Amino acid sequence: MSTIGINTRTEIRRVLQDHARLPVDIDSIGDEADLFQAGMTSHASVNVMLALEDAFDIEFPDRMLKRSVFESVDGIASALEELEDKAA
Amino acid sequence: MSVLLERDQAFVDDVRAIADGVAAEHAEEVDRDARFPVEAVSALREAGAMGAYVPEELGGGGVSLEALARSCYELGRRCSSTAMVFAMHQIEVVTIARHLEGAPWFESYLRDVAAQQRLIASVTSEIGTGGDMSRSIAAVTPGEDGLASFEKQAPTVSYGAHADDLLTTARRHPQAEAGDQVMVLTLAGQATLTPVGIWDTLGMRGTCSPGFVVSAQFPAEQVLEAPFSQVMNESFVPVSHILWSHVWLGIATEAFERGRRFVREAARRKPGEPVPAAAALSRVMSELSLLRAEVELGLREFLLHSEGDREHLKTMGAMLRFNNLKLAASEQAPRVCQGVLEVIGIAAYRNDSPFSVGRHLRDALSARLMIANERMHAVDAGLLMIAKAVY
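Taken in sequence, the protein lines are chains A and B. Each residue of the first sequence is one higher than the one before, starting from 0 at the first, in numbering that gives the first Met the number 0. Each residue of the second sequence is one higher than the one before, starting from 0 at the first, in numbering that gives the first Met the number 0.
Be aware that a few hints might be false.
Computed beta-carbon distance windows for the label pairs [said to hold, decoys possible]: (1) A:R8 to B:P141: 34 to 40 Å; (2) B:I197 to A:E10: 53 to 59 Å; (3) B:V195 to A:D61: 41 to 47 Å; (4) B:R259 to A:D33: 52 to 58 Å; (5) A:D26 to B:S285: 55 to 61 Å; (6) A:R8 to B:L289: 44 to 50 Å.
Calculated pairs, DSS-like style, for lysine-lysine (alpha carbon to alpha carbon, straight line, at most 30 Å) [said to hold, decoys possible]: (7) B:K313 to A:K85; (8) A:K85 to B:K387; (9) B:K269 to A:K65; (10) A:K65 to A:K85; (11) B:K387 to B:K313; (12) B:K313 to A:K65.
I should point out that these hints are in silico values taken from the structure, not numbers from a laboratory. A quick note: this is a predicted structure, and the numbers were derived from the prediction, not measured. For glycine and all other residues, C-beta sits at the position ideal for the given N, C-alpha and C.
Throw the hints in and build the complete structure from the sequences for me.
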């Protein structure tokens, strides 16, 4: 059973708060909203990826290292879910 | 290089004939006077080159990206400015063809490109963005009568005053973030270009690329729907780096050929005696081999993914790969030219000698500034921290 739930999304949001350098508060952005359109730069997104790998103790494989995977809280959550399913 | 299709081969042969003929004939004058290579570009138009990549069903030549790349190389050997104008135009055509997503306006536009041999220039760089193409200040602004507009301060627009149409990046709407961009195709008559300064440069003088303030008004259907962030990674950036690097390979190869002619003449003058310059040229040849290997491999790797697996092109590994093609080729091409200069000596340094490589060196030095290498190294530094497979 997937453990990706509210706690995970809270943790994703904490990482985004610390590293995405958004011009707006992360709480004002929905789970499905486009983070790049909200102002996350490519440079900031790399820091988000590094912080997510650290926070969840995972490594994103190359096929996941692209903009579309990291463009929303939902996108990140489903990537983490997929990695967790693989590990299980 | 692999065997080209007959159609591709015929096109490359046509372009080579233009390169060896009218482009070579005017190259020195184009460079000296910093004037647009009108003769070569007219000849390319007559050969249907502007619509070469447009699919056959839209009235174009239907040639492959590989044929375009080889054409860039052939032109690069004879006239860098002609080659770069050709390359830039084809980048715009390939980008539109790969991302029009069935939009009727863009299909009909490509028909016009083929039928009327329209020349497209791109307006991607912008003053105030620090050279970062993935950010815009200019925005597509809705207006009256279904028309939209933008105004953009461009530090350089290659052959801006000589193009028919412009492909411009801008924010999707006035409230959009800097990275939320689209591409807009504006036709002659829809855009006004006000030049800012003149084009009097070290090299690539015939591309006539001064700064312009571009202001345009156009129907909304002329906005390419696909986000530029996607277009950039799937096509615009890798195709730019592939075609540019073939131009640079052509420039470096011609410099090397001048070195070979010099060495052969030296050998003929004193038969049986050692030719020290030949040993030095052998070292330059190995540098040229590295350049050729990287340029051809970059093309191969793109072709491997360009049709079926566009998702791969969006990964950081792929971004690093095609950035590195540009970085490696742009640093290696002038190295080859400079190596030849040292082999030949004063006869290469002179402008009035058949062994002159001054123009080639000056033109090749533009490579590292077309999207500044320092800026690209900084981007790659970020990607290197997270990407897993780096090749």
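Hint by hint, here is what the structure shows:
In this structure, R8 (chain A) and P141 (chain B) meet the distance hint of 34 to 40 Å, their C-beta atoms being roughly 36 Å apart. A C-beta distance of roughly 56 Å is found between I197 (chain B) and E10 (chain A), which places it inside the suggested range of 53 to 59 Å. Separation of V195 (chain B) from D61 (chain A) is about 42 Å and conforms to the stated range, judged on CB atoms against 41 to 47 Å. Our hint of 52 to 58 Å for R259 (chain B) and D33 (chain A) holds, since their Cβ atoms are close to 55 Å apart.
The hinted window of 55 to 61 Å between D26 (chain A) and S285 (chain B) holds, with their beta carbons roughly 59 Å apart. Hint check: R8 (chain A) to L289 (chain B), Cβ distance near 49 Å, so the stated range 44 to 50 Å holds. For the given pair, K313 (chain B) sits about 23 Å from K85 (chain A) by alpha-carbon distance, which is consistent with the 30 Å threshold. At most 30 Å may separate the alpha-carbon atoms for a hinted pair to count; K85 (chain A) and K387 (chain B) meet this at roughly 18 Å.
For the hint linking K269 (chain B) to K65 (chain A), the alpha-carbon distance of about 61 Å lies beyond 30 Å, and the restraint is violated. This hinted pair checks out: K65 (chain A) and K85 (chain A) have alpha carbons roughly 19 Å apart, not beyond 30 Å. Note on K387 (chain B) and K313 (chain B): the hinted pairing holds, with a Cα-Cα distance of about 14 Å set against a maximum of 30 Å. For the suggested pair K313 (chain B) and K65 (chain A), the alpha carbons sit about 6 Å apart, so the restraint of at most 30 Å is met.
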